[in-house]
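Kindly generate the complete structure, drawing on both the sequences and the hints.
If you're matching them up, the sequences are chains A and B in order. Each residue of the first sequence is one higher than the one before, counting from 0 in numbering that gives the first Met the number 0. Each residue of the second sequence is one higher than the one before, counting from 0 in numbering that gives the first Met the number 0.
Calculated directly from the structure, the hints in this document are not laboratory data. Mixed in with the good hints there might be a few duds.
As the list claims (entries may be wrong) - Only pairs whose alpha carbons sit at most 27 Å apart, straight line, appear in this in silico DSS-like list of lysine-lysine:
id : chain 1 : residue 1 : chain 2 : residue 2
1  : A       : LYS643    : A       : LYS312
2  : A       : LYS285    : A       : LYS88
3  : A       : LYS490    : B       : LYS307
4  : A       : LYS284    : A       : LYS88
5  : A       : LYS198    : A       : LYS510
6  : B       : LYS307    : A       : LYS306
7  : A       : LYS345    : A       : LYS88
8  : A       : LYS306    : A       : LYS345
9  : B       : LYS307    : A       : LYS312
What follows is each chain in one-letter form.
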Amino acid sequence: MKKPLSTLFLASLILLLGGCGQAENDGAGEATSAAAETATAAGVDAEVEAYYAANPDFFGFKTPADLPPDLEWTSNEHLPEIGSPEARKGGTQYGALQDFPRTLRTVGPDSNGGFRPFLLDDVGMTLAHVHPETLELYPGLAESWAVDWENQTVYTRLDPAATWSDGEPITADDYLFMFWFYRSPYIMAPWYNNFYSTKYTNITRYDDHTISISMAERKPDMDELGVLLRPVPRHFYRQMDDDFSERYQWEFEPTPGPYIVRDQDIRKGRSIALTRLENWWARDKKHWRYRFNPDRIQLSIIRDAAKMFEAFKRGDIDQFGLGLAEYWYEKLPDSDPDVQAGYIHKTVFHNQRPRPPFGLWINTAQPLLDNRDIRVGIAHATNWDMVIENFFRGDNERLDTANDGFGEFSHPTLKAREFDIARAQEHFARAGFNRRGADGILVNEAGQKLSFNLSTGYETMRDVLTILRQEAAKAGLDLRLEVLDGTVGWKQVQEKQHEISFLAFGRFLEKYPRFWEHYHSDNAWDRAFLEDGSVNPERQPKTQTNNLEAFALLEMDQLIERYRASSEREEMIALSHQMIALHHDHASFIPGFYQGFFRVGHWRWVRYPEGFSYKHSDGPGELFVHWIDSEMKEETLAARRSGKTFEPSITVYDQWAE
Amino acid sequence: MFSLNPQTRKKLQRFRKIKRGYYSFLLLAGLGVLLAFGELLINSRALIVSYQGQLYFPTYSDFHPGTDFGLDYAYETNYRELQVHFRQQDEGNWVLLPLVPYNPYENHAPGGIFRPLPPNAAEQHYLGTDTTSRDILARLFYGTRIALVFALLFTACVYVIGITIGCAMGYFGGVFDLILQRIIEIWSNVPFLYMVIIIFSVIPSSVAVTTRIGILLLVMVLFSWTGMTYYMRTETYKEKSRDYIASARVIGASNARIIFRHIMPNVLSTLVTFMPFTIVAAISAITALDFLGFGLPAPTPSLGELLKQGTANLRTAPWIVISAFGTLVALLTLVTFIGEAIRESFDPRTFSVYR
Chain A
0 MKKPLSTLFL ASLILLLGGC GQAENDGAGE ATSAAAETAT AAGVDAEVEA
50 YYAANPDFFG FKTPADLPPD LEWTSNEHLP EIGSPEARKG GTQYGALQDF
100 PRTLRTVGPD SNGGFRPFLL DDVGMTLAHV HPETLELYPG LAESWAVDWE
150 NQTVYTRLDP AATWSDGEPI TADDYLFMFW FYRSPYIMAP WYNNFYSTKY
200 TNITRYDDHT ISISMAERKP DMDELGVLLR PVPRHFYRQM DDDFSERYQW
250 EFEPTPGPYI VRDQDIRKGR SIALTRLENW WARDKKHWRY RFNPDRIQLS
300 IIRDAAKMFE AFKRGDIDQF GLGLAEYWYE KLPDSDPDVQ AGYIHKTVFH
350 NQRPRPPFGL WINTAQPLLD NRDIRVGIAH ATNWDMVIEN FFRGDNERLD
400 TANDGFGEFS HPTLKAREFD IARAQEHFAR AGFNRRGADG ILVNEAGQKL
450 SFNLSTGYET MRDVLTILRQ EAAKAGLDLR LEVLDGTVGW KQVQEKQHEI
500 SFLAFGRFLE KYPRFWEHYH SDNAWDRAFL EDGSVNPERQ PKTQTNNLEA
550 FALLEMDQLI ERYRASSERE EMIALSHQMI ALHHDHASFI PGFYQGFFRV
600 GHWRWVRYPE GFSYKHSDGP GELFVHWIDS EMKEETLAAR RSGKTFEPSI
650 TVYDQWAE
Chain B
0 MFSLNPQTRK KLQRFRKIKR GYYSFLLLAG LGVLLAFGEL LINSRALIVS
50 YQGQLYFPTY SDFHPGTDFG LDYAYETNYR ELQVHFRQQD EGNWVLLPLV
100 PYNPYENHAP GGIFRPLPPN AAEQHYLGTD TTSRDILARL FYGTRIALVF
150 ALLFTACVYV IGITIGCAMG YFGGVFDLIL QRIIEIWSNV PFLYMVIIIF
200 SVIPSSVAVT TRIGILLLVM VLFSWTGMTY YMRTETYKEK SRDYIASARV
250 IGASNARIIF RHIMPNVLST LVTFMPFTIV AAISAITALD FLGFGLPAPT
300 PSLGELLKQG TANLRTAPWI VISAFGTLVA LLTLVTFIGE AIRESFDPRT
350 FSVYR
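Shown next as structure tokens:
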């Protein structure tokens with residue numbers, strides 16, 4: 000279920016605002032849930048069955064004899080196994096979260112917080128998963144699958160051994176229920192409602208362990224769409240009504256994965272822990288047996304990043320992300336005694352993924368910013384090279400377009416506009432700003448200052464904006480900084496109140512970039528164009544969409560529609576290049592930087608496989624291939640007391656460096 | 000009414016005798032003068048530039064593009080580089096820089112990398128630099144100036160509102176007092192911090208930094224004036240029942256005259272006594288708000304912001320927190336010493352038994 004998350008992540012951030020008070024409500028929620036249990040024990044069953052019956056085209060019921068005979072079943076057995084045979088089970092992994100999870104639900108209000116990877120994204124299971132090395136599919140809950148490209152259908156044989164963490168078997172019914180569940184209004188998740196209603200056209204049950212799923216479009220990633228599906232335990236969601244979000248707020252949903260959250264491990268506001276299932280059904284399966292090794296994952300709540308780092312230095316936390324240069328070079332330099340003594344290992348891993356587009360998103364609906372010359376001027380007046388050199392110390396790279404890292408889909412030759420004061424001034428002059436005021440900022444004939452708000456929701460990136468502001472002033476451009484709280488910053492761009500916003504959208508491992516969300520006029524204005532294609536003079540900005548640039552070009556709309564309708568890879572690539580070039584030309588986005596690696600500091604008892612991680616992985620913990628070596632932990636702690644040292648380890652894994 | 004009658008003069012003399020407070024006052028006054036002309040001491044603009052026989056004084060003037068001094072850029076001259084440039088040219092041009100040639104906003108990274116630099120006299124970063132290589136001394140200096148100006152304005156506003164309403168309540172009493180007192184009780188229970196957060200989340204981002212500071216001041220005043228009314232109300236109540244007020248009323252003095260000519264001078268000691276502590280409270284409040292991230296908008300230099308940076312880099316850059324904390328402690332101690340001295344010298348009990 001990785002694909003839609005980039006959008007979902009943002010959508011649910013908004014929901015965070017709406018549902019803050021619910022955490023206190025759990026006691027009452029349980030009481031009502033118990034009462035409702037007796038009252039509506041069979042209630043939702045009837046509703047679900049009725050829904051199946053009312054949508055016979057979508058929910059099919061057939062027999063194994065109805066399966067097409069010539070299907071080519073596969074389970075991609077040739078793929079290299081994930082994880083290391085050296086991994087040992089056991090031990091406790093200690094970590095920290097900045098906020099206590101607001102809910103244990105994985106869907107609905109507040110469910111998309113920092114804890115969800117531990118509930119779902121990193122430890123959950125779908126029918127098949129994308130291999131982090133080759134991007135092919137490897138089996139999860141499915142034993143094998145067959146793709147019928149012609150009929151846009153994926154057939155799947157479920158692994159009969161698969162069970163939920165509460166012991167119930169996982170059957171075809173849980174997949175049918177999944178569609179009902181995600182389409183239900185009770186879950187209060189419009190994005191899910193829409194995705195499961197529009198991307199799929201049919202699910203058919205052949206027997207308890209055979210299903211087929213049909214997709215609405217034949218895209219290059221249609222097979223993934225058909226297998227990256229997570230069943231929903233029908234036996235768990237017996238009562239479904241408008242109280243869904245409160246009733247299941249603190250209920251741990253049975254999982255097919257290896258980790259569960261036990262009630263006694265939820266200490267509200269203080270800590271939460273995951274416990275490994277000793278007899279997990281997939282513990283001997285290929286790709287799964289050497290992963291998910293710690294017996295327990297103990298997560299404390301430490302709200303302050305600086306304190307979290309101190310906890311790491313004390314050994315209370317096993318590992319700490321050192322992505323920021325400040326941590327890598329200053330707070331845990333190679334010369335740090337703990338590093339030099341070999342207690343803490345430092346590791347850099349270069350990966351290959353679609354890159355989050357860090358950069359400046361210019362709201363072209365704002366006055367002055369609707370002028371392309373101004374935007375090009377701003378692009379030439381922002382000194383990203385200095386940001387990269389001075390703030391990131393040369394570790395990051397300049398981003399060239401908003402859609403880098405998509406392989407062939409990314410534009411092969413386009414380069415971002417460089418910092419060039421003369422050219423910036425030339426463009427500003429063309430827009431009428433040709434004179435410097437008393438403070439050195441350009442003004443136009445009307446005496447208007449060339450001044451814009453530059454806002455962000457990333458407090459850690461404050462210094463990036465400070466540098467941009469300093470440098471922009473040289474070109475006569477005044478950038479007023481506004482560093483907001485994360486939620487407020489996101490709200491601002493969703494309300495389209497920003498002028499220039501510094502942010503990035505999370506990018507997941509997708510085969511090709513999305514354009515509709517960011518560049519289609521439908522997401523910029525209500526009725527952007529009139530029938531004849533001219534600009535609608537009365538159009539109003541459309542809020543709550545991800546078109547943050549108010550990007551509306553008829554030409555782009557047409558390209559996007561062709562792209563969406565296309566199922567030919569080559570055509571899509573050509574269209575993608577065309578759209579990226581058009582977007583570049585419009586200059587409403589100023590590409591900033593990307594980080595082509597992740598880096599981490601970890602105590603030596605956190606062990607990783609040879610090669611550390613995988614080509615397309617996102618972070619050290621994502622695949623759970625590490626293990627905790629309890630003996631080594633004792634040895635290290637004893638060594639620390641006695642002053643014994645080990646070989647220092649500062650490793651750069653650049654086998655996948657781009 | 001604030002003219003120096005013999006009694007007040009006596010009080011001032013007493014104040015001078017309390018050495019600790021008096022020297023604190025002199026120190027702070029000196030600091031005030033320095034702060035007022037801060038641009039001449041700590042600034043990236045040169046004091047004097049002599050170029051081709053002509054003298055320039057850029058400190059308070061419009062900006063000079065580099066082209067004014069024969070450089071090849073149209074943005075503000077970098078006077079430090081200009082000084083080096085002139086020396087190399089050796090054509091009789093010269094630049095006189097302030098003691099600390101940095102302004103509080105510019106990033107000056109000698110190594111090319113933005114990171115905290117320990118105090119370094121050779122680079123003229125006497126207190127080092129912060130995480131984005133801005134001079135700490137410059138930021139402290141201007142941060143203190145803003146905090147002090149903010150605190151003085153805050154005190155003035157709180158006093159004007161508090162005195163007016165407090166006096167009125169005490170003087171008129173009755174239903175007016177009863178109702179207003181209830182309103183104040185309700186008002187003072189509105190959580191101040193939440194209000195600041197809420198208000199700042201709805202202010203449109205296009206509002207200029209100075210306006211935002213003004214709004215912050217307004218919000219703080221709105222939620223702080225109530226404290227002053229309690230004292231003024233009781234003091235006025237007390238004075239009102241004295242005989243001299245009754246005599247004034249018998250003569251036919253108006254309410255305004257009684258309040259401003261008779262009551263106010265007599266409650267002056269209360270007012271003056273509280274003033275330094277109000278200032279202390281204002282400085283602490285603005286620092287705390289900055290520390291929490293709800294105070295002065297970035298990149299305004301502020302003590303709280305430096306403290307926040309300092310605590311986040313306690314291990315790697317202790318000089319940040321030391322300078323910020325030291326300044327804050329020194330500032331608050333000075334004001335408190337002055338406050339104590341004022342209270343002592345204005346306390347009637349030490350030289351009179353009249354009560």
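Task: Given pair status - LYS312 (chain A), LYS307 (chain B), alpha carbons within 27 Å - done: Satisfied, since the Cα-Cα distance of roughly 20 Å is no more than 27 Å.
Task: Given hint LYS306 (chain A) paired with LYS307 (chain B) - CA-CA distance at most 27 Å - done: Holds, at roughly 13 Å.
Task: 27 Å limit on alpha-carbon distance, applied to hinted pair LYS490 (chain A) and LYS307 (chain B) - done: The given pair, whose Cα atoms are some 25 Å apart, holds under the 27 Å limit.
Open item on the list: So if I understand the rule, the pair passes when the alpha-carbon distance is 27 Å or less; does LYS285 (chain A) with LYS88 (chain A) pass?
Closed with: Given that 27 Å is the threshold and the Cα spacing comes to 16 Å, the pair holds.
Open item on the list: Please verify whether LYS643 (chain A) and LYS312 (chain A) have alpha carbons no more than 27 Å apart.
Closed with: Answer holds: LYS643 (chain A) to LYS312 (chain A) is near 17 Å, not above 27 Å.
- [ ] Below or equal to 27 Å on CA atoms is what counts here, so check LYS284 (chain A) against LYS88 (chain A).
- [x] 15 Å, holds
Open item on the list: LYS345 (chain A) and LYS88 (chain A) were given as a pair; does the straight-line alpha-carbon distance stay at or below 27 Å?
Closed with: Holds - the C-alpha atoms of LYS88 (chain A) and LYS345 (chain A) are around 23 Å apart, at most 27 Å.
Open item on the list: Check whether the Cα positions of LYS306 (chain A) and LYS345 (chain A) lie no farther apart than 27 Å.
Closed with: 19 Å, holds
TODO: Take the C-alpha atoms of LYS198 (chain A) and LYS510 (chain A), compute the straight-line distance between them, and say whether it is at most 27 Å.
DONE: Cα-Cα ~16 Å, so holds.
Of the hints listed earlier, there is not a single one the structure fails to meet.
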